[in-house]
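8 protein chains.
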Amino acid sequence: MTEFRLDYDRAARTGIAEAVLCEHKSAAQIAAIGAELMAAGRRMLFTRLRAVTFETLPEDFRAALDFDALSATAFLGTAAASEQIEGIGIVAAGTSDLPVAREAARTLEFHHYAAPITADVGVTGLWRLTGQLDVLRRHRVIIAIAGMEGALFSVLAGLVEAPVIAVASSVGYGVAAGGRVALEVALASCAPGVLAVNIDNGFGAATAAIKILRSVGR
Amino acid sequence: MTEFRLDYDRAARTGIAEAVLCEHKSAAQIAAIGAELMAAGRRMLFTRLRAVTFETLPEDFRAALDFDALSATAFLGTAAASEQIEGIGIVAAGTSDLPVAREAARTLEFHHYAAPITADVGVTGLWRLTGQLDVLRRHRVIIAIAGMEGALFSVLAGLVEAPVIAVASSVGYGVAAGGRVALEVALASCAPGVLAVNIDNGFGAATAAIKILRSVGR
Amino acid sequence: MTEFRLDYDRAARTGIAEAVLCEHKSAAQIAAIGAELMAAGRRMLFTRLRAVTFETLPEDFRAALDFDALSATAFLGTAAASEQIEGIGIVAAGTSDLPVAREAARTLEFHHYAAPITADVGVTGLWRLTGQLDVLRRHRVIIAIAGMEGALFSVLAGLVEAPVIAVASSVGYGVAAGGRVALEVALASCAPGVLAVNIDNGFGAATAAIKILRSVGR
Amino acid sequence: MTEFRLDYDRAARTGIAEAVLCEHKSAAQIAAIGAELMAAGRRMLFTRLRAVTFETLPEDFRAALDFDALSATAFLGTAAASEQIEGIGIVAAGTSDLPVAREAARTLEFHHYAAPITADVGVTGLWRLTGQLDVLRRHRVIIAIAGMEGALFSVLAGLVEAPVIAVASSVGYGVAAGGRVALEVALASCAPGVLAVNIDNGFGAATAAIKILRSVGR
Amino acid sequence: MTEFRLDYDRAARTGIAEAVLCEHKSAAQIAAIGAELMAAGRRMLFTRLRAVTFETLPEDFRAALDFDALSATAFLGTAAASEQIEGIGIVAAGTSDLPVAREAARTLEFHHYAAPITADVGVTGLWRLTGQLDVLRRHRVIIAIAGMEGALFSVLAGLVEAPVIAVASSVGYGVAAGGRVALEVALASCAPGVLAVNIDNGFGAATAAIKILRSVGR
Amino acid sequence: MTEFRLDYDRAARTGIAEAVLCEHKSAAQIAAIGAELMAAGRRMLFTRLRAVTFETLPEDFRAALDFDALSATAFLGTAAASEQIEGIGIVAAGTSDLPVAREAARTLEFHHYAAPITADVGVTGLWRLTGQLDVLRRHRVIIAIAGMEGALFSVLAGLVEAPVIAVASSVGYGVAAGGRVALEVALASCAPGVLAVNIDNGFGAATAAIKILRSVGR
Amino acid sequence: MTEFRLDYDRAARTGIAEAVLCEHKSAAQIAAIGAELMAAGRRMLFTRLRAVTFETLPEDFRAALDFDALSATAFLGTAAASEQIEGIGIVAAGTSDLPVAREAARTLEFHHYAAPITADVGVTGLWRLTGQLDVLRRHRVIIAIAGMEGALFSVLAGLVEAPVIAVASSVGYGVAAGGRVALEVALASCAPGVLAVNIDNGFGAATAAIKILRSVGR
Amino acid sequence: MTEFRLDYDRAARTGIAEAVLCEHKSAAQIAAIGAELMAAGRRMLFTRLRAVTFETLPEDFRAALDFDALSATAFLGTAAASEQIEGIGIVAAGTSDLPVAREAARTLEFHHYAAPITADVGVTGLWRLTGQLDVLRRHRVIIAIAGMEGALFSVLAGLVEAPVIAVASSVGYGVAAGGRVALEVALASCAPGVLAVNIDNGFGAATAAIKILRSVGR
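Protein chains in written order, with the numbering used here: chain A, 103 to 320; chain B, 103 to 320; chain C, 103 to 320; chain D, 103 to 320; chain E, 103 to 320; chain F, 103 to 320; chain G, 103 to 320; chain H, 103 to 320.
In isolation and in its complexed conformation, chain A is listed as follows:
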């Protein structure tokens, strides 16, 4: 039985390299994928690789990885020294949303895109957001991350021209636990130009932003 079929040509076909989602894979499965990749001399992005799993990977594989604990991501293969492509900005409503923001940023970096993060601009104190508008208005696509009631998405989309890719984060408790409220707020937003991806899906927001830049900016 072939347990996995790596899609080496995906980047050529769609502009986005395949990534390995580690969450429901055992350390043994991840290590086997890593061994094949190292043997083939391939680059790869690993997401949702928790530190506790990372610690149990084979030492040579761990040594080959550029691991970031906050975002639970790892890069295999040195990033070529290319220039970073500008145009995408990341906005995080609160400090607690930074793991998701970092997952988006790391995904952008892996694909050689700049990934500036503007953090802690929730709408309870509007001055925090309006004080950053000059920076935010320079982006051509904005990835916004918010948990709890996610009011950031609507307010932000009303203030900038760029489309807003909204990522609900699972930060919250009570009715907001798990990120459902923030997600539905993004979907129900009255502000034109808000687009949603799955809860906590910083990776998906980043790859969509890249596809937008590649497809439209070409």
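Treat the hints with caution; some may be incorrect.
Listed next, with one range per pair, are the computed distances between beta-carbon atoms [to be verified]: (1) E:His-214 with G:Arg-164: 45 to 55 Å; (2) D:Pro-218 with F:Arg-164: 33 to 43 Å; (3) B:Glu-125 with G:Glu-125: 27 to 37 Å; (4) G:Leu-172 with A:Gly-319: 49 to 59 Å; (5) D:Gly-319 with B:Arg-152: 31 to 41 Å; (6) F:Arg-164 with D:Asp-236: 38 to 48 Å; (7) B:Arg-152 with F:Ala-142: 31 to 41 Å; (8) B:Ala-137 with C:Ala-113: 27 to 37 Å; (9) A:Leu-235 with D:Asp-236: 51 to 61 Å.
Facing chain F, a subset of chain H residues (Cβ under 7 Å, in silico) [stated by the list, open to error]: (10) His-126; (11) Lys-127; (12) Gln-131; (13) Asp-236; (14) Ile-301.
Calculated directly from the structure, the hints in this document are not laboratory data.
Note that the structure is predicted; figures quoted are calculated from it, not measured.
Glycine included, each C-beta is placed from N, C-alpha and C at the ideal position.
Starting from the known structure of chain A, arrange chains B, C, D, E, F, G and H on it as the hints suggest.
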């Protein structure tokens, strides 16, 4: 069998007169209550009295009612010519939220409170809201009504000192149908001072505001 | 009380003109908005204007509207004879999804964008979809509409380079009633580049696509 | 990247000082915030700071904190010796609701308000509640905490003149697990004057009560 | 194909005669069942027989039925002149709960049990309930019906020795729409002796009460 | 602050002694209650007392308790040597339902009722159930416990005259996780005489059964 | 724009001819499909074609259809006089489930399979089911339809060797409204061999049964 | 009390031997069942036997078991050297779905059926699936396992003649957490011939496939 027991002393006990919620009552039941009230010479507020039901009530009862179709409310008994008490303001995010706003306003009027409504101040165009801040900041308690994603609640509560009683309206479609998203946004709000009542419950928001003024302002 | 505050400058600020969502507004409210607009000589897009409501609007207002029953949209004001901007394509999984597809198309047309629709390409018979790939691959942004199990979104996003804005339609029964399953499929898609808007929200998909073209293609 | 932007002026603007919600923050993030605050000589309320996280904070920061394990709250900065403001009372249905009640009480204390708690007055034995009515009727605003079926909210609101801020606690099992039933009971209550905040949100109930006293009692 | 198989022996086996639930049956199906029953000279209870359906039944069948519009029930066959068995009481929280209360009462009457109804005893005004306690404490089994937040169930069960069969009614709006909240309140009740049946299921509550009296009182 | 108010007279008033639900209480709180009870020489039933919590209670308190790990219950105070009252039977669909069945049995034993358990009689092999009918038909009230799809409730109620108190157990996975399906099956049952309590609530089923025997069998 | 693409070759490819689901299609759309089919001389199965829609179709199209109101199905094209293939049986728990049973039967008939229906065999009176076992055990695949609590599925699967395709019907009220409970019961069934399709999906059950017979019986 | 009643004759009656679902059973309960089986010399399949539980079983019992950690299954009793029956194939969308695929495979093996697994054929890269079509089209029944958005089910069913038994796996996060989306996608599939079992229920899919082969292939 006694079908209903009117609570004539409730206003004395709690400051809020009993009201008759008509939604799940038949026209015959409403008419019977009306007959008892007219015989006793009592005042009464009727809520959720749809026009189609109102039209089928006995003519003398209809003549005695001050009926408002938009809010589906009716007053029985002339309002005494007392002065209106100031302090409570109503804010509606959109035109579609006006039926709920009117239900709150009519409830306030029935209890001799002023009920100014500021309408169409959704956060997609922040200038609509910030342009009304001088008016809004004069209120001691604010009743805010919003459907869809309900972002108004958080933004408003961050801009005023008054507590905000949030009423989700059932205006919306898709994930926002029925008002659940707006309600949960109010509950999950990061802004201190947001308090929620049931979806579409303009009556409950108004009576709570009155209780606050009576209990705290005494 | 001011019942509505029209945002005449929104197009200048964000590239998208304000639209009037008619669903929860009474005919009287819509007519009042129409009167103000006609007096001011303004163009406007009306969405979710059901035929039964349209029939009850004042005759002069109706005469001024370009009404489309299938999509429940109307244009006020003649479209200037400008050329249509290319780049956005619409894909509908089934015949039943055409009302939502038309809402997206009409929104694009109102803003002077071309709006070609490729219909009935559900994945049960893959040949229906693969047979249209040459056409689909020419688009820079694709709006995809599907109800039931929404498998179209993932398959399509794996075949094209363009980002896919997924609109779940409320077409379905049993567990699929209301469009929730198709929406969640879009959000849970493993294929990079799938972005979701609210169920049945053809208008939101179209305005987001326009913002993408304006912001990124500039 | 700036990870957090503390809002030192919020108390001046809204009467409620900013607080730090620790639940989804790492110990490192909390410690960084603490270091900035200590350097600036600022007071701060920390909520949802679990004992296991508290134990891992830097020793000098821990020494500066007044920590309460039951409510998972901590005060940074000595409370000035001001008198406590009367008017707010807290009612807890059962012993299991005390952590939430204490979070409300600690929030009140941090803002120099008295915070008397009346505990174990669930409605199964009505005498427990009616025996405390003399005390409860003296409060101008009541914060009520209940889990399971939350019947306390309606019964209490029918017995007192003060508005009741209902906090559902996540105490319960089966259909009541997580506090949803108690929350919905508060929202659906037939008794006028019941206002809801998020499940377990003792902090939000306390800050709303303070806003009410400041705004209305001024 | 045999479309239905009437269970003539059920009363002998279980003490409860079969009933015909009309809600999802066509008038033709109900009429066919009626014809077989009339030919066989059998008694039968029909539930959820809406007036609009009743009006379309064959005239001879209608003439043979004792129809009650409020409860949407009908009896076929004259009730023998037996004495009514005492022991079961019905309590309805509000006027709007009377259709469900009547369904329970009619079911009891069909089986020759007394069915006294105590109405409009919601807990918002506790005196309405406590004023009826002498009557209520005489019952050996109590059927309680309440919509909205259903607080009646817990308070009542704390005041009487009899077991309480709780029937949530679908009376309510917003979060209470459909009766879910009242049902879950009954299930989550802290008061021992509360037993739940399906929403609006007055028939089920009555037959369960009869089974209790027959099985335990024998 | 009084943290708890024990209801020593409840047994006299309602026939059911108060019990202490330990699930959301700290060991310190349970120990404090235990100390008061031991000082007063009172009997008490403790439910949902997990073994890990039991192990941390003070030694003298533990020595005074009759603890049962499977059901997570404990008795304080020697059971008087009274005879056990017959009439109630317990049926468990599967081996995994035994913890809930034991909670019901222990509650009955504490109140001096016999508590025979018939186990592993799920309906997949009907012979398991029908083979026990002679025993089951002797009971005057039956407590039935089932998880997964809970088909036992309907089948059993169709075979016996006794009322069936259905307790959904949280045994199951996938759609059945948490016991919701089994609970709703009990509520939706077409078989007359099925009454539901909360998921896993063996205690509630037992106390309801006792109330039935006391109220009806008196 | 091509509005529909009929899949004339599907029967050849998969053994199941395409069908037209009429539920969300307008009469105009259905008529257009019908015109193309009649011009091409093709057979077709139409499902969920409500009588009110059927009445508005063009007269020549209506004349060409074999319409069945109970199941809301229609055949276009004369069924060839082939013999019917045996092996599939249909079981309906109650009279109210017959529309779904008929949809399955009509789908089978259209494909030249026999479609015997055994009706009204719910498990409340087990004798109704066990009395039909001889007939049921002759089938090689059984389609079972049940609403409410759906206990039929588990009991039946424990009594026969044939696999059981369970179709939850949307017959029910309260917690059972819409058919969710019956569907989840089928999914959670402990009995091996129960397979589920969507609620009310008699068509899907029939086509799956045909695929089983064609694929396995070949 | 008899805690369990093993159904030794089930294989004879239905073709599927009873299995022991270990998930909610204690190690002691599992060991007791094992002891009885070993004494009787019986074969048995154990499912959901986690490694941590397996490690705590008595040594002689463990030695007698053929345990597979990935699928959490164990065989008691040597498999007779019979030939394996062909006809059933297993398809897993991703590497993370292999535990469920293995549960299905082990169940097939225990019953002497071949169980080939085709893995990592998700639809994002259609070539992974289409490249395996020759193999897949040879199966007479296909068990397909997918998490996240489960698009595999519809696409696969459109490509093969065999019926597809869809098993949603609980692999996913955000809206896809727990497997609900994939399950509902299977149920809502437009492709004829998709049949669903419970989430993660590899055992149920395998036993259903066996019943199909035995009943139809006989």
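Status of each hint after checking the structure:
At roughly 53 Å, the beta-carbon separation of E:His-214 and G:Arg-164 lies within the given 45 to 55 Å, and the hint holds. A beta carbon spacing of about 35 Å between D:Pro-218 and F:Arg-164 agrees with the range 33 to 43 Å that was offered as a hint. Distance hint check for B:Glu-125 and G:Glu-125: the Cβ-Cβ separation is about 30 Å, which falls inside the suggested range of 27 to 37 Å. The supplied range of 49 to 59 Å is met by G:Leu-172 and A:Gly-319, whose beta-carbon atoms lie about 58 Å from each other.
Range check, D:Gly-319 to B:Arg-152: about 39 Å between beta-carbon atoms, so the 31 to 41 Å window is met. Taking 38 to 48 Å as the suggested C-beta distance range, the pair F:Arg-164 and D:Asp-236 conforms, at roughly 40 Å. For B:Arg-152 paired with F:Ala-142, a C-beta distance near 59 Å fails the hint of 31 to 41 Å. Between B:Ala-137 and C:Ala-113 the beta carbon distance is about 57 Å. The supplied range of 27 to 37 Å is therefore violated.
A C-beta distance of roughly 55 Å is found between A:Leu-235 and D:Asp-236, which places it inside the suggested range of 51 to 61 Å. Checking H:His-126 against chain F by beta carbon gives a least distance of about 4 Å; that is within 7 Å, so the hint holds. With its C-beta approaching chain F no nearer than about 6 Å, H:Lys-127 sits inside the 7 Å limit, and its interface hint holds. Of the supplied interface hints, the one on H:Gln-131 holds, with its beta-carbon coming within about 6 Å of a beta-carbon of chain F, less than 7 Å.
The beta carbon of H:Asp-236 is not positioned within 7 Å of any beta carbon in chain F (closest approach about 33 Å), and the interface hint is therefore violated. Annotation: interface hint on H:Ile-301 holds; nearest CB of chain F at approximately 3 Å, less than 7 Å.
Checked against the numbered hints given earlier, the structure breaks hints 7, 8, 13 and satisfies all the rest.
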